[in-house]
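Build the complex: two chains, separate frames, hints provided.
So the sequences go chain by chain: A and B.
Following numbering that gives the first Met the number 0, the numbering of the first sequence begins with 0 at its first residue and continues without gaps.
Following numbering that gives the first Met the number 0, the numbering of the second sequence begins with 0 at its first residue and continues without gaps.
Wrong hints could be hidden among the right ones.
[What the hints assert, rightly or not] Which bits of chain B does chain A cover? Going by a derived footprint, with three or more residues having C-beta under 8 Å, they are:
| # | region |
| --- | --- |
| 1 | 36-47 |
| 2 | 64-75 |
[Unchecked claim] Distance condition first, Cα-Cα at most 30 Å in a straight line; then the derived DSS-like pairs of lysine-lysine:
| # | chain 1 | residue 1 | chain 2 | residue 2 |
| --- | --- | --- | --- | --- |
| 3 | B | K28 | A | K204 |
| 4 | A | K63 | B | K35 |
| 5 | B | K229 | B | K28 |
| 6 | A | K70 | B | K35 |
| 7 | A | K171 | B | K177 |
| 8 | B | K158 | B | K177 |
Hints are computed from structural coordinates only; laboratory data are not their basis.
From the three backbone atoms N, C-alpha and C, an ideal C-beta is built for every residue, glycine too.
Spelled out, the chains give:
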Amino acid sequence: MLIQKASGGVADAFLFRVRKFKSQRMAAYRLVLIRHGESCWNQENRFCGWFDADLSEAGVQEAKRGGQALKDSGFEFDVCYTSVLQRAIRTLWLVLDGIDQMWLPVHRTWRLNERHYGGLTGLNKAETAARHGEAQVKVWRRSYDIPPPPMDAEHDLYSAISQDRRYRDLSKDQLPICESLKDTIARALPFWNEEIVPQIKEGKKVLIAAHGNSLRGIVKHLEDMTDEAIMNLNLPTGIPIVYELDKNLKPIKPMQFLGDEETVRKAMEAVAAQGKAKK
Amino acid sequence: MPEHRLFLLRHGEGAWNKENRFCSWVDQKLSEDGVKEAQECGRLLKEMGCQFDMVFTSILSRSVQTAWQVLEVMGLEWVPVVKSWRLNERHYGALIGLNRAEMALNHGEERVKLWRRSYDVTPPPIDESHPFFTEIYNDRRYNSCDIPKENLPRAESLKDVLDRLLPYWDNIIAPEIKRGKTVLLSAHGNSCRALLKHLEGISDSDIAGVTLPTGVPILLELDGDLRPVKPRQLLGDQAKIQAAIKKVEDQGKAKPGGK
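Pulled out of the complex, with its shape left as it was, chain B reads as follows (with noise of 0.2 Å):
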């Protein structure tokens, strides 16, 4: 019988989801496919009687912006965003800005898989000749981290991410959910996994073949100590999703004649 329940939501398109390059730490918003894949899931977790008590986001604009989306829709306004850069999208490091496909063209589908999908392998840090550099860091939001900018990220494998995403889930989301509160995180394809490999105990060499779809709920249903007691779901029409986790396979690979 679960005790809680868990919502986890990656983000929808965002402009840059559409021409297929690592957005990571730019701040990009939803595109408006991106509003409307939010817009759905909304509609979605209303009409199965979902009562959130606490949003948590990153402090990028498009998981925010895809959070008010949900709570608009669901008329839930009034119920608590917390916003911690703990949630942000993995760090992609010097690759933020390249093309996926142009990426797999260059360094082979199987070289960017790695980098996508492994799960220590750091992309190149990020450097102060990159053409995203100053845009990132020159961002007031990073001056009120609960670290110093200088200690923030500049590159980041997944277990990179699941190391300063977990005191934040210890220590800040799992004692409310224990609570009793019900909890939607609004976040990213990469906080998302990291976390769902720690939740579910995925083993480093499984948690590549993890894709999340965008726009598509996942309910984890946990025990009392917050550990699962069934697979997670991913909620909506089943056909759909099929095609939403494809859509962002394909993403990896080079296509000739580029998009």
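Chain A on its own, in the form it takes in the complex (with noise of 0.2 Å):
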């Protein structure tokens, strides 16, 4: 191909395209998040964890949003995962139903639930502080491996949780009764290597409904994001998030948002606060 001598600026910038683009890796296989949206203790503002809250009428419509994005750009998967919360897995379905592939297979599991918030699950913002003191709650804000204080049998939700038959399989060292995030993410990603690494090294398209933990431990390996890094992300809610990643999962570009120009702009501009908003 001919490279006409024209000024000196225009040969360069070409040139220089031809060379970014040489060395762009090419993406090799794409994965797709979603993390669950408004359950109706999220309205409350009460701190949810493990506890099995359903969906806000709000949550329905940002799933199906999430559904519908997904379909607007043609997503077709082969396999999904999401956890044992009915927030996750109600989610999972709406979107399966929007993109018309309810035949998926669907892998649940427990190593995919929010971060358990053990003592403080079911406490809202005011009672968290008001019983453990604002300086407290701070401490646990910031802290990437200071777990909150367990859920004793004591605890209100402890049979509900705890003894609930989902989790008969587990044994008692796997079942938390508290999780600083560090725990939440040294728990979610064994999963991630061991099951979900193979099938999207199968060429798989692989679709995960979850929680904001437990997408954070899959986002901050992916990323390879510092402790910090990581707690100062927030993943937007009901939105699919595009990962492209090379042959060895590296992700070759940011990831990204899908729907409607609007709603992306939002999320973008909301992830990028946050990194700057010190609370």
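In structure tokens, the structure reads:
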């Protein structure tokens, strides 16, 4: 191909783009994550964690919009993963209905559950501050590896959660009574590595519908983020998050959000603002 | 003393059930009434205190949708759901999409009854000229079955349905039941009938007279070898059930003046 000897600027710009294109890694795989939308407890500002709250009506609409965004972009999947909490599962179901892929295999695992908030489960912000003091709450918020107080047998929700049939196959060591973000990620990643990664590498198109903190585990791992950086990242809800990965499962570009222009713009701005705000 | 309880469910009304057309492998979702039927089922099973451990469905949306509605009403969304083409509705071949009443008018009620209710009479196969051929065989879900797409049926008798269902029952479902799991099968009229024929030892001629209503859970109590210890039980309001059975039976009959 002839490169005309135009002014130096144009030729340089052309050559720069050629070089950049050559050095850009090709996407071998594509992965989609979706964080469930508003739950009934989100509405009440309560620590939800392993409590099996349902989606609010707004959360249902978020999931439907997420499904519509995937439908508009013609996404096809081969396998889906989700937690054992209904707000994530129902989000996945609404998405699969929206994209007419209800026949896809779905694998549910406690390892993709939301972070377990221990003794804080069920408390709203005011109650938490009143019970533990603002300073302690700040420590928990800002800490990567300090867990909240455990959920003991006296807790109102102890039997509803710890003794629920869905967890009966977990060993005593596996079943948490509280988790730091570090703990959540430590129990999510083995599932990612042992179950999900092999599927991706087989060329299967994967959709994961889960929770803020379990998805943070995957994002932290994919993007090799620091503890501090992941704590400052709040993934948008109800918006499909698309990763294009090279053959080593490294993202070749930043995560992309799917949706109408305004939804995507707002989500991107919200994420960008998080990095700046220091609460 | 039954060792195991197995629940079968024929999905509720789909858009084509309303129009009385052979839906078969065409992927229709539930109608609004079908969704309500499924939810009602869920309420009934919840009241009975059923604790499912596993759900099996076909890969047709209406069977999956039914399972999801039931699980949602019961608060059991976390229960594993496993899907297979081997639980699909019977493949009606060239009759797919045809209105039952028209079929009865054109071929006579008896011939339609024979195709619908005989054990081993296969309808004529579907071919590329059929209006729904592409919709079915270009669908991605049939690329990932446990047999190659070209080996999937083009038409089935009830016997053919059992032939492709039985290995799945023996190798996948039965072992779970024997492991003590309480299983719900959310499937279709003929996949349920085929399985019942096998489990209850119903003869080739008697199976013709077996009609399963939609949206009514069927309980089979089984011994350790998965043989029924008593006749199947249709659960719920018995008057409603009889009306639902009659509704299915009437679909085979021609209605002069057409519906």
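We went through each hint and held it up to the structure:
Only residues whose beta carbon comes within less than 8 Å of a beta carbon in chain A count, and the region 36-47 of chain B has 0; fewer than three means the coverage is violated. A count of 4 residues in the region 64-75 of chain B with a Cβ less than 8 Å from any Cβ of chain A is obtained; the coverage claim is therefore met, three being the minimum. Restraint check for K28(B) and K204(A): the C-alpha separation of about 24 Å stays at or below 30 Å, so the hint holds. About 20 Å separates the Cα atoms of K63(A) and K35(B), which keeps this hinted pair within 30 Å; it holds.
Between K229(B) and K28(B) the CA atoms are separated by roughly 34 Å; this puts the pair beyond 30 Å, and the hint is violated. For the suggested pair K70(A) and K35(B), the alpha carbons sit about 26 Å apart, so the restraint of at most 30 Å is met. For the hint pairing K171(A) with K177(B), the CA-to-CA distance comes to about 26 Å; that is within 30 Å, so the pair holds. Using a Cα cut-off of 30 Å, the hinted pair K158(B) and K177(B) holds, with the two alpha carbons roughly 25 Å apart.
In summary, the numbered hints that this structure violates are 1, 5.
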